[in-house]
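J.: Produce the entire structure from the sequences given, and follow the hints as far as they go.
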Amino acid sequence: MSTSLTRMADLRARIDELWETRDTLDVDDPEVGATVREAVALLDSGEARIAEVVPDGTTMGDVRVHQWLKHAILLLFKISKMDTIELGPFEFADKIPLKSGYEAAGVRVVPGASARWGSFLDNGVVMMPSYVNIGARVGAGSMVDTWATVGSCAQIGANVHLSGGVGIGGVLEPPQAEPVIVDDEAFIGSRCMVTEGARVGRGAMLGAGVVLNPSIPVIDAHTGLEVSRGVVPPWCLVINATRPREFDGGTFGLPCALIIKRFEEGERHDKAALNSVLREHGVSV
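The sequence shown maps to residues 27 to 311 in my numbering.
Be aware that one or more of the hints could be misleading.
Stated by the list, open to error - Below, a list of computed lysine-lysine pairs in the BS3-like style, where the Cα atoms sit at most 27 Å apart:
{"id": "1", "residue 1": "Lys104", "residue 2": "Lys121"}
{"id": "2", "residue 1": "Lys125", "residue 2": "Lys104"}
{"id": "3", "residue 1": "Lys125", "residue 2": "Lys107"}
{"id": "4", "residue 1": "Lys107", "residue 2": "Lys121"}
As the list claims (entries may be wrong) - Taking CB as the label site, the calculated pair distances span:
{"id": "5", "residue 1": "Gly292", "residue 2": "Pro115", "range": "43 to 49 Å"}
{"id": "6", "residue 1": "Pro123", "residue 2": "Asn149", "range": "19 to 25 Å"}
{"id": "7", "residue 1": "Ser30", "residue 2": "Glu290", "range": "15 to 21 Å"}
I should point out that these hints are in silico values taken from the structure, not numbers from a laboratory. Source: prediction; values computed, not measured. Ideal placement from N, C-alpha and C gives every residue a C-beta, glycine not left out.
T.: Here it is as structure tokens:
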């Protein structure tokens, strides 16, 4: 076993031990603090991640959640005390410091944007006035546009565009819960809400206002078949839609995500062509 893997395994064992004794933990013990912060620092630097997709022969692969790192975050909240953070004219009161070192990391952060320590922003990420929470990961070259939010532990791939007002949900508890995963080269349209462990496949595009969670059916418009719940397949264009359901009080439209176009794998998004397709259906990106 390599030195780094040995170090990781040792740190995991120490976090697991602290988690088992969390109810009687001495929050002022400097050794406890050092151990917890060492684990969260791995998330902050990108050396470790809360969750990853493991190929299993299917289109989307399986999600592996590293619960011990979620435990480390929860322990950090337990041992940390409220503090005042002053940045120029701004003042914050929180338990967790803000992330720093953007220029060295090759990350562009526009005034009004902030990310918590313990999140990871890869090289080339651009943050307009927006927010990235602890445990989240944003891949290289991705854009977090104005007023978009990346919740705790969410995993955003490389070259992803999160449009204005997008809400990517977070999850810390229960620790085994899968976070939202948006794969490489995806485009999430303005005001979309992707929550509760929903997944967006590589190269997929969500039109404006799509709501996606594990209770939302994803339907292929060409076949009428439900292809999943809360999982958008790779390389397709999805819009917000409804499907009729009968109730005692009448017929009502329940939300669904509708696949209206499929791309060839690796096909780049042509905004003009996509807008033309969306206009045909009376929606926008």
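J.: Check the structure against each numbered hint from earlier and tell me which ones fail, lowest number first.
T.: 7
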